[in-house]
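Peer 1: Quick note on my numbering: the sequence shown kicks off at 21 and runs consecutively.
Among the hints, erroneous ones may be present.
[Unchecked claim] Pairwise CB distance ranges, derived in the manner of DEER restraints:
#, residue 1, residue 2, range
1, S86, S206, 15 to 23 Å
2, R211, A121, 15 to 23 Å
3, M92, I143, 29 to 37 Å
4, V214, G100, 50 to 58 Å
5, S173, A94, 46 to 54 Å
6, V226, A85, 29 to 37 Å
7, S206, E124, 29 to 37 Å
8, A121, V210, 27 to 35 Å
9, E108, S168, 45 to 53 Å
10, R211, Q167, 30 to 38 Å
[Unchecked claim] With a straight-line Cα cutoff of 30 Å, these simulated BS3-like cross-link-like pairs (lysine-lysine) come out:
#, residue 1, residue 2
11, K80, K113
12, K219, K113
13, K219, K83
14, K113, K83
15, K83, K200
16, K200, K219
Source of the hints: derived by calculation from the structure; they are not laboratory data.
Yeah, the Cβ is synthetic: ideal placement off N, Cα and C, and Gly gets one too.
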Amino acid sequence: MRLLNRKPGAIRVRRNFVATRSKLLIVIALVLLATAAWFANSDPGSTTREYFVASRDLAKSTKIASTTVERMQADLATSGGRYLLADEGQLDKWFLTEPVASGELIPISSLASKRQEDCSPIILSLGSTLPSTLRAGSIVDLWAAQQSTTFDSIPYELALGAELISVREIDSGMGESLQKVEVCVSAAEVRSVVEAIAKQSTVVAVRSRT
Numbered sequence: 021m022r023l024l025n026r027k028p029g030a031i032r033v034r035r036n037f038v039a040t041r042s043k044l045l046i047v048i049a050l051v052l053l054a055t056a057a058w059f060a061n062s063d064p065g066s067t068t069r070e071y072f073v074a075s076r077d078l079a080k081s082t083k084i085a086s087t088t089v090e091r092m093q094a095d096l097a098t099s100g101g102r103y104l105l106a107d108e109g110q111l112d113k114w115f116l117t118e119p120v121a122s123g124e125l126i127p128i129s130s131l132a133s134k135r136q137e138d139c140s141p142i143i144l145s146l147g148s149t150l151p152s153t154l155r156a157g158s159i160v161d162l163w164a165a166q167q168s169t170t171f172d173s174i175p176y177e178l179a180l181g182a183e184l185i186s187v188r189e190i191d192s193g194m195g196e197s198l199q200k201v202e203v204c205v206s207a208a209e210v211r212s213v214v215e216a217i218a219k220q221s222t223v224v225a226v227r228s229r230t
């Protein structure tokens, strides 16, 4: 058997090639690890947002202002729409319709756009579901019509410019969902609203024209 004689230059070239390839493989491996770590730490479906929370125990009718709330980041997933986002445009705009404890998120359902001392809150059932564009703080007109099978009932204006305080979905027990609303009506309109409730009239709410 005859041994092949290799030239020293060829051996050096091969060694350099092997070393370069090893370094390249290490670099590629590091890049892949860094990429994997980035994807592991980043959640494309994250719903983390900034919300307002009560900076102290807040009583009913407290104004939402920089002195009464502070910011907090939270991932509330699908329930995030129930709470007030930390937006400067929301300050000095809302009043609480119910107390909120220190450190708690501010529920949108507990907000009204003016002090309730100016009106009287009343809870009533609606004959039709509110459109999605009407929510807490919206100004609505209430219309009513008496339920009758013997004569045509003419709808009439029950209350104008009422403030929608909250909307509640209630299970009727028959597979249907009833909608109850809390509205703030003027003192002069309280009597007519109470009479409509007592007569079990059908009441609907529409966006106010005023």
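Peer 1: Decide, hint by hint, whether the structure agrees.
Peer 2: So, going through the hints one by one against the coordinates:
no., hint, in the structure
1, S86 x S206: 15 to 23 Å, "violated (31 Å)"
2, R211 x A121: 15 to 23 Å, "violated (36 Å)"
3, M92 x I143: 29 to 37 Å, "holds (31 Å)"
4, V214 x G100: 50 to 58 Å, "violated (37 Å)"
5, S173 x A94: 46 to 54 Å, "holds (49 Å)"
6, V226 x A85: 29 to 37 Å, "holds (32 Å)"
7, S206 x E124: 29 to 37 Å, "holds (31 Å)"
8, A121 x V210: 27 to 35 Å, "holds (31 Å)"
9, E108 x S168: 45 to 53 Å, "holds (52 Å)"
10, R211 x Q167: 30 to 38 Å, "violated (20 Å)"
11, K80 x K113, "holds (15 Å)"
12, K219 x K113, "violated (36 Å)"
13, K219 x K83, "violated (37 Å)"
14, K113 x K83, "holds (8 Å)"
15, K83 x K200, "holds (25 Å)"
16, K200 x K219, "holds (17 Å)"
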